[in-house]
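Student: Protein sequences appear in the order of chains A and B. Number 84 in numbering that gives the first Met the number 0 belongs to position 85 of the first sequence; there are no gaps in the numbering. Number 27 in numbering that gives the first Met the number 0 belongs to position 28 of the second sequence; there are no gaps in the numbering.
By construction, these hints were calculated from the structure, which means they are not laboratory data. All C-beta atoms, glycine included, are put in the ideal place defined by N, C-alpha and C. A portion of the hints provided could be inaccurate.
To be verified - Some, not all, of what chain A presents toward chain B, calculated at C-beta under 7 Å:
no., residue
1, Val30
2, Met33
3, Ser36
4, Pro45
5, Ala46
6, Leu47
7, Arg114
8, Gln116
9, Leu118
10, Thr126
11, Val130
12, Glu132
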Amino acid sequence: MSGDLSLRRPKPPRALISLVPMIDVMLILLVFFMVTSTYLNLDMIPALAQRDTPAPTQAASNTPAEVLLIRLGADGQPVLRGQAFENAALAELLHARLSDTPGLQVIILPTGSARMQALVSLMDLVTQSGVREMRVVRLEAAE
Amino acid sequence: MRIARPAPRTPPETIIALIDVVFFLLVFFMLIGRMDATAPFDVTPPTGTTGSDMPAGGVTLSLSAEGALALDGVIVEMSAAEAAVAERLEKQPDILIRINAHRNTELRRVLPLIARFEAMGAREVVLVVTPPKGGP
Numbered sequence: 000m001s002g003d004l005s006l007r008r009p010k011p012p013r014a015l016i017s018l019v020p021m022i023d024v025m026l027i028l029l030v031f032f033m034v035t036s037t038y039l040n041l042d043m044i045p046a047l048a049q050r051d052t053p054a055p056t057q058a059a060s061n062t063p064a065e066v067l068l069i070r071l072g073a074d075g076q077p078v079l080r081g082q083a084f085e086n087a088a089l090a091e092l093l094h095a096r097l098s099d100t101p102g103l104q105v106i107i108l109p110t111g112s113a114r115m116q117a118l119v120s121l122m123d124l125v126t127q128s129g130v131r132e133m134r135v136v137r138l139e140a141a142e
Numbered sequence: 000m001r002i003a004r005p006a007p008r009t010p011p012e013t014i015i016a017l018i019d020v021v022f023f024l025l026v027f028f029m030l031i032g033r034m035d036a037t038a039p040f041d042v043t044p045p046t047g048t049t050g051s052d053m054p055a056g057g058v059t060l061s062l063s064a065e066g067a068l069a070l071d072g073v074i075v076e077m078s079a080a081e082a083a084v085a086e087r088l089e090k091q092p093d094i095l096i097r098i099n100a101h102r103n104t105e106l107r108r109v110l111p112l113i114a115r116f117e118a119m120g121a122r123e124v125v126l127v128v129t130p131p132k133g134g135p
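Please take these sequences and the hints and turn them into a complete structure.
Tutor: In C-alpha cells:
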C-alpha cells in the first residue's frame with residue numbers, strides 16, 4: 000500500500016471566549032445600579048449665592064426701589080400689611096405693582112413655625128410673578 | 000444490529016439576546032439613577048415649580064420633619080454636622096451645599112442653618128425641591 004490514503008485528524012473546534020464571566024459581571028453591575036440609585040426627580044432653589052461682584056442692590060442703595068414685605072404665617076398664609084392674601088390675589092397684586100415699578104423688591108419674613116412647603120410655594124409664586132429681587136429674612140429671636 | 004440514532008442536539012439558546020437585554024437595563028439604570036446618599040429617614044422635599052436642575056456632587060444635609068439631621072446619609076448631631084461642613088468648606092470653598100428638608104420641617108430648623116453656613120463662608124446653598132407630578 001502506498002501512501003495514498005491519509006487520514007486527517009479533524010481540527011479541534013476553536014474555543015469560544017466564554018461569555019459566562021461577562022454575564023456575571025454585567026448582572027452584578029445591574030443589581031448595583033438598581034440598588035444604589037434613587038429615582039426622585041429633584042430640583043433646586045438657590046437659597047444663598049455669593050458672587051464676587053457686589054450685588055446690584057448694594058450699588059443702587061442710594062435710590063431704593065420699592066420694597067414689599069410679605070410675612071408668612073404659621074398656617075402658610077402670606078400676610079401683606081396686616082392683611083392675609085390668597086395666592087391668586089397675591090399674584091395679581093404683585094403683577095400690578097411690577098407694572099408700576101419693575102425693580103420691585105420682595106422681602107419674605109417667615110414665622111419660625113411655618114412649614115418648608117409654605118415658604119417654597121410663596122417663593123414660587125413671587126418668582127413666577129416676575130419679581131427679580133427676592134430675599135428671605137428671619138428674626139434672630141425666631142430660633 | 001440496531002444502531003441507535005443519536006438524539007438531535009437541541010439548539011443552544013441564544014445567550015446574546017440575554018446579554019442585550021441586561022446591557023440595556025444596565026445603561027438605563029446608569030442614566031436614570033442618581034447616586035447620592037439618601038437620608039436614613041423619610042424626607043419628602045417640598046414641591047416647587049421654579050426649581051432648576053441640580054448638579055451632582057457637593058454636600059447634602061437632610062432634615063426630617065421632626066428636625067433630625069443627616070449629613071450625606073449619616074445621622075449626625077448639629078455640632079458634628081457644622082464641623083464637617085466647615086471642614087469641607089475649608090478644602091473646597093465653592094462647594095455646593097444642598098439642604099434637603101422635608102416639606103413639613105419648620106423653618107426655624109432650616110433658616111438658621113443657612114445663616115450659619117453663610118457665616119462659615121459658603122458660596123452656594125440650595126434648597127432641594129421636587130417638581131410637581133405630571134411636569135412642572
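Student: Which numbered conditions among the earlier hints are violated in the structure presented, ordered from lowest to highest?
Tutor: 1, 11, 12
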